[in-house]
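A.B. asks: Going left to right, the sequence shown walks through residues 23 to 220 as our numbering numbers them.
The hints are simulated quantities; they were obtained by calculation from the structure and are not laboratory data. Beta carbons: idealized from backbone N, C-alpha and C, even for Gly. It cannot be assumed that every hint is accurate.
[Claimed, not checked] Distance windows between CB atoms, simulated:
(1) D116 <-> I139: 20 to 26 Å
(2) E145 <-> T92: 16 to 22 Å
(3) L80 <-> G108: 21 to 27 Å
(4) T203 <-> S104: 19 to 25 Å
(5) K146 <-> A121: 16 to 22 Å
(6) P184 <-> E93: 41 to 47 Å
(7) I77 <-> N147: 30 to 36 Å
(8) I77 <-> V114: 38 to 44 Å
(9) D183 <-> E93: 43 to 49 Å
[Said to hold, decoys possible] Here are the simulated EDC-like cross-link-like pairs (lysine to aspartate or glutamate), alpha carbons at most 20 Å apart as the crow flies:
(10) K61 <-> E145
(11) K98 <-> E109
(12) K123 <-> E93
(13) K119 <-> E109
(14) K61 <-> E89
(15) K123 <-> E165
(16) K135 <-> E89
(17) K123 <-> D96
(18) K135 <-> D183
(19) K146 <-> E89
(20) K119 <-> D96
(21) K163 <-> E197
(22) K119 <-> E165
(23) K119 <-> D136
(24) K61 <-> E109
(25) K98 <-> E197
(26) K123 <-> E162
(27) K135 <-> D116
(28) K98 <-> E117
(29) K135 <-> E93
(30) K61 <-> E165
(31) K146 <-> D120
(32) K146 <-> E159
(33) K123 <-> E159
(34) K146 <-> E117
(35) K98 <-> E145
(36) K61 <-> E117
(37) K88 <-> D216
(38) K119 <-> E145
(39) K135 <-> E109
(40) K163 <-> E198
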Amino acid sequence: MSQISRRDFLKLCAGSVAAVSLSQLLFPELAKAAPASGKPPVIWLQGASCTGCSISVLNSGQPGMKEILTEIIDLKFHPNVSAAAGELAMRVIDETKDAGKFYLVVEGAVPTKDGGIYCTVGEKNGQHVIFKDRLIELAEKAEAVIAIGTCASYGGVPAADPNPTGCKGVQAVLEEAGVQTPVVNVPGCPTHPDWFVG
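All chains, full assembly: derive it from the sequences and hints.
C.D. replies: What follows is the structure, encoded as structure tokens:
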């Protein structure tokens, strides 16, 4: 296991806060490590999943989703919650990526067989955007990646034998691509909201 600097530790803590706070007790201290705006930008992507982790997090009791979305994070994109769709959604994601200092939450396994064609997340210039490619592109620019749920963490049900789409967990795909961004795995099927929100 590699050593981690204090600065990198604070970045990871801020990422956890950005992805909806670790706990009410630690939030004030960890929030100091968050970007100056006080509301860290978050992009949430879904791959091969049932949306169970999103539903679980949306059922968070303390803090509730209203508080999370209005006071804790700046949710730039979530496929089930965001009003933006199509080209507008792709533009919001790209602008957030280009601005940097965002946190990427990934739900669902990553199909890799046949170039990952079995999971797309939009279109650019009339071409399908492959989830695997978008994940790598965003992860390279993110402060940290949070793999929520067993599917995103380790492949889960989509990676079960015979695994016809070649599904893998987020960390495995990013390591194969040489992406150095820290990945925090939060497994569970679905992830309990307290494990993620705190």
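A.B. asks: Does each hint fit the structure? Answer for all of them.
C.D. replies: Status of the hints after comparison with the structure:
1. D116 <-> I139: 20 to 26 Å: Distance hint for D116, I139 holds at roughly 22 Å.
2. E145 <-> T92: 16 to 22 Å: Violated, at about 31 Å.
3. L80 <-> G108: 21 to 27 Å: holds (23 Å)
4. T203 <-> S104: 19 to 25 Å: holds (23 Å)
5. K146 <-> A121: 16 to 22 Å: Distance hint for K146, A121 holds at roughly 18 Å.
6. P184 <-> E93: 41 to 47 Å: holds (45 Å)
7. I77 <-> N147: 30 to 36 Å: holds (33 Å)
8. I77 <-> V114: 38 to 44 Å: Between I77 and V114, where Cβ atoms are some 22 Å apart, the hint is violated.
9. D183 <-> E93: 43 to 49 Å: Since the Cβ atoms of D183 and E93 sit about 44 Å apart, the hinted range of 43 to 49 Å holds.
10. K61 <-> E145: violated (28 Å)
11. K98 <-> E109: holds (14 Å)
12. K123 <-> E93: holds (18 Å)
13. K119 <-> E109: holds (15 Å)
14. K61 <-> E89: Satisfied, since the Cα-Cα distance of roughly 12 Å is no more than 20 Å.
15. K123 <-> E165: Status holds; Cα separation ~6 Å.
16. K135 <-> E89: violated (40 Å)
17. K123 <-> D96: holds (12 Å)
18. K135 <-> D183: Judged against 20 Å, a Cα distance of about 14 Å means the pair holds.
19. K146 <-> E89: Between K146 and E89 the Cα gap is close to 33 Å, so the pair fails against 20 Å, i.e. violated.
20. K119 <-> D96: holds (14 Å)
21. K163 <-> E197: holds (15 Å)
22. K119 <-> E165: holds (10 Å)
23. K119 <-> D136: violated (26 Å)
24. K61 <-> E109: Violated - the C-alpha atoms of E109 and K61 are around 25 Å apart, more than 20 Å.
25. K98 <-> E197: Violated, at about 26 Å.
26. K123 <-> E162: Holds, at roughly 11 Å.
27. K135 <-> D116: violated (25 Å)
28. K98 <-> E117: Roughly 10 Å separates the two Cα atoms, so the pair holds.
29. K135 <-> E93: Outside the cut-off at roughly 40 Å; violated.
30. K61 <-> E165: holds (14 Å)
31. K146 <-> D120: holds (16 Å)
32. K146 <-> E159: Roughly 14 Å separates the two Cα atoms, so the pair holds.
33. K123 <-> E159: The given pair, whose Cα atoms are some 14 Å apart, holds under the 20 Å limit.
34. K146 <-> E117: holds (14 Å)
35. K98 <-> E145: Given that 20 Å is the threshold and the Cα spacing comes to 18 Å, the pair holds.
36. K61 <-> E117: Between K61 and E117 the Cα gap is close to 16 Å, so the pair holds against 20 Å.
37. K88 <-> D216: holds (16 Å)
38. K119 <-> E145: holds (17 Å)
39. K135 <-> E109: violated (26 Å)
40. K163 <-> E198: Given that 20 Å is the threshold and the Cα spacing comes to 17 Å, the pair holds.
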